[in-house]
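*Asks:* Below are the chains, spelled out letter by letter.
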Amino acid sequence: MKPTNTSDPTYFHKVVDCQWACPAHTPVPEYIRLIAHGRYTEAFLINWESNVFPGILGRTCDRPCEPACRRGRVEEKPVAICRLKRVAADNRGVVDHLIPRKGPGNGKRVALIGAGPASLTVARDLLPLGYDCVLIERDRKAGGLMRKNIPSFRLPVAVLDEETDRILDMGATPRFGEEITSMKALLDEGFDAIFVGTGAPRGKDLNVPGRKEASDNVHIGTDFLSAVSFRHIEEIGKRVVVIGGGNTAMDCCRTALRLGADSVTVTVRSPRADMKASPWEIEDAEREGIPILDNHAPKEFRLEGGKLVAVVFEKMRAEYDDTGKRRLVPTGEPDVVIPCDDVLMAVGQENSFPWIERDIGIDFDVREAPVVGKVDFQSTRPGVFFGGDAAWGPENIIWAVAHGHQAAISIDLYCQGQDLMQRPAPTTTLISQKMGIHEWSYDNDPTNSRRLNVPHADPALALRDLSMEVELGFDPGQALLESRRCLNCDIQTVFSTNLCIECDGCVDICPVDCITFTPNAEEAELRQMLRVPAQNTDQDLYVSDTLPTARVMVKDEDVCLHCGLCAERCPTGAWDMQKFLYNEAHASTARLPEQEKKHVA
Amino acid sequence: MTHIVKPQFRHPRLATNSQGLTRRDYEGVISTLCAGCGHDSVTAAIVEACFELELPAHRVAKMSGIGCSSKTTNYFLNYSHGFNSVHGRMPSVATGANLANRELTYLGVSGDGDTASIGIGQFVHAVRRRVNMLYICENNGTYGLTKGQFSATNDRASKNRKGLDTPFDSIDLCNMAIELGAGFVARSFSGDKAQLVPLIKAGIRYKGFALIDVISPCVTFNNHTTSTKSYEYVRDHNHMIGRLDLVETSAEIEADYAPGTSADVTLHDGSQMRFTKLDESYDPTNRETILPALERYRQRGEVATGLLYLDKREADLHELIGTPDQPLNEIDERALVPGSGPLAAINAAHR
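Quick note, the sequences are listed as chains Y and P, same order. Note that full-length UniProt numbering gives residue 325 to position 325 of the first sequence, counting from 1, and the numbers run on in steps of one. Note that full-length UniProt numbering gives residue 264 to position 264 of the second sequence, counting from 1, and the numbers run on in steps of one.
What the hints contain is simulated information worked out from the structure, not anything from laboratory work. Some clues are possibly wrong.
Straight line, CA to CA, 27 Å or less: simulated DSS-like cross-link-like pairs of lysine-lysine [stated by the list, open to error]:
| no. | chain 1 | residue 1 | chain 2 | residue 2 |
| --- | --- | --- | --- | --- |
| 1 | P | 6 | Y | 579 |
| 2 | P | 6 | Y | 434 |
| 3 | P | 6 | P | 71 |
| 4 | Y | 2 | Y | 14 |
| 5 | Y | 315 | Y | 276 |
| 6 | Y | 325 | Y | 315 |
| 7 | Y | 108 | Y | 77 |
| 8 | P | 147 | P | 162 |
| 9 | P | 6 | Y | 14 |
| 10 | Y | 579 | Y | 14 |
| 11 | P | 6 | Y | 77 |
| 12 | Y | 307 | Y | 325 |
Since the model is a prediction, treat every value here as computed from it, not as a measurement.
Construct the entire structure; sequences and hints are all you get.
*Replies:* Right, here's the structure in full:
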């Protein structure tokens, strides 16, 4: 293999698994260390800079960082990153004076349609540059799906209001309670750019016998959740069946319980392992006593006297063909009849754009989805951008934020007449953490403590109250214990070939056998030649230049503890522990003068 | 030295041996030696060899004296017996222990000071008596614990860190051991585990006195450019006379050597040693020719490494003096107290 090019920022960035997995590339280990030190405000601001909604995401994020966490490969469970984020938001000090305001007007007006996470992120990034950001929202309040589809027992309204207001207060121009019915008309208003962040609000329906006849008692999940959030629905039948296996289904069943249902049953077509809901949301629903029946495909809504009395299900089983493609086939077992009064259907969502005329240069593909550039988020009509669920269908909040950041960069470039594909580079720093002999600026002694469970509210109370938050969050003591579990993967092991005397000290001390000195070979062969063969091909090998003995140093990044013992055992300083800080470029920081950047960061 | 305890986490796919143990189960506490010390590599090689030999750690006795090297017995085989003796007196303690319990595996670790200076009188007699043990001398040519004076194994050609010469000739422990009747004599280098680990394995399996003189650089006091025991010097002047592999009887020997250059030797316990010559002219089983050959290497400034001498007879102290077959603590009362009849016979023999 060729020597690893560590000057390419992607190499060390990939080692920071959590940050690499985060769509917004939040510098996770950096803020976790701050939390361990009780510096919650700084931890909050790092999050606010990267993912805009620390309090909201600290409760509701889909947490792609956690399955990626190295701790999960070394021990059993990853660091509770999401819960730690919430600790920063819950315990921070006053930040109002640290939040930038709208910059001196630059004469450009941008319309942001839909005041959900994507549009709010665009506004956050463009306001400091002096853009007039006009947020147009059908509802009376900002938040989009975060307000309508996430029940308040998971996300308190106060947290949501605070974080959406923080952006509005920067100086956005709200046009709330106004529904856009024609893109053409909006274009005529003469905005310099338009961003469509309208989400994927249309819940899918199921066409099974009895659906139409039973429509009084069959509700689309997302519509049901928003009706509950705006208090249009305040009660539900005693027996409720929820159809669907995603996070919306989990929110629906728990909401139904709190509206007074006696028995709630979730049914899923597919096997349990294939359910789309996050494992912790399934866990939360089951903890509240809600059964989840998998392999149940709805076959018929049964009515008596014109009223829904039951749903009939066909039992299914998954079969896989040679290519591994799944097919659900009936098992032939007798149908399952579940008596019920109301049905909530959460079988998927889609974006829909009946309000965008098809003759104004915005192209849609055969599936009626807009054609959007993967890098610049621009539609086929210059100056019109899409992001969040509106772009490619349902994802989650953190993806919407990541889209928002990129769209803001594009809008800025577009309004300044620059090439949209010349994206600003991320900023990176790599600095030695050595403080003295065997002393490092970070806590290099990995703790053995196991992942902590977050405390929950008393179910006797929580199950009756729609707005009582179930998860209580870690207290500062628990946060300290949990944050110490972080392996500091951003503190990189940096190797200097010219200093190495090949004494083997690092090889001998490494607790997880990461390091091997070996003759070089092609990657596949080299992976087999290591002290412990490197089977996890998602993780890179760090290969040095050729050493005096014609060998190379190869480090398998997979389960490195970043404990720094290699550097402590090295007599010549060929190993050093250096902090790699990667900051994704944002419109607000990429173009501001240095002094202003510091203020924003 | 490192301030933290070595983390307990280990690689999730770390191999286990037939004892159900991983390599890390043969480790001891974390080393307090200088960063980069050759002795830590020897420790790691011992750990590796014991893991590969699948030794039950509780059947091993670690013996040592005083010095940086003698501290290292604390850094491997945490679940073994150990005796850290007075300076230079490890050979007699090991001899006594071995006589008392012949069934343990004896592993002595010493240094050039402990062996070639204060303990040389002890060392030579353990060799002579063919005590069944592996004696590893971690040889760095300097007194590290007392801040870098020349030791008795320091070569005439080697200067100290401040450029001073030594007026004395060095003691070559391998030559001495061959002359005194050691059965297994090898020299190796701490920076070459591929050579060292098989030598340790074979030395442990060998019945009789086995010596491995390991050149183990002292990074603090004897790793400068004018030293003959530095990493760089040993790498540049290393003359490997052969490669040794040890295979258990059940395992197949992988024959990837040129034909006609290798010889197999079966040890007393059935394990196979395969010796592959890298130097055609050197025959490690011929006592007549090896000492002149070693002298030639020395004169050329080469460090001859590998298995230098092997006595295939494998006789140890117990055979030489006819001790009982079982450890003393297993001899029952009837054997220990034979009664008045035999006592009378013994007394009669002295009249």
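*Asks:* Which earlier hints turn out false for this structure, listed by number in ascending order?
*Replies:* 7 and 12
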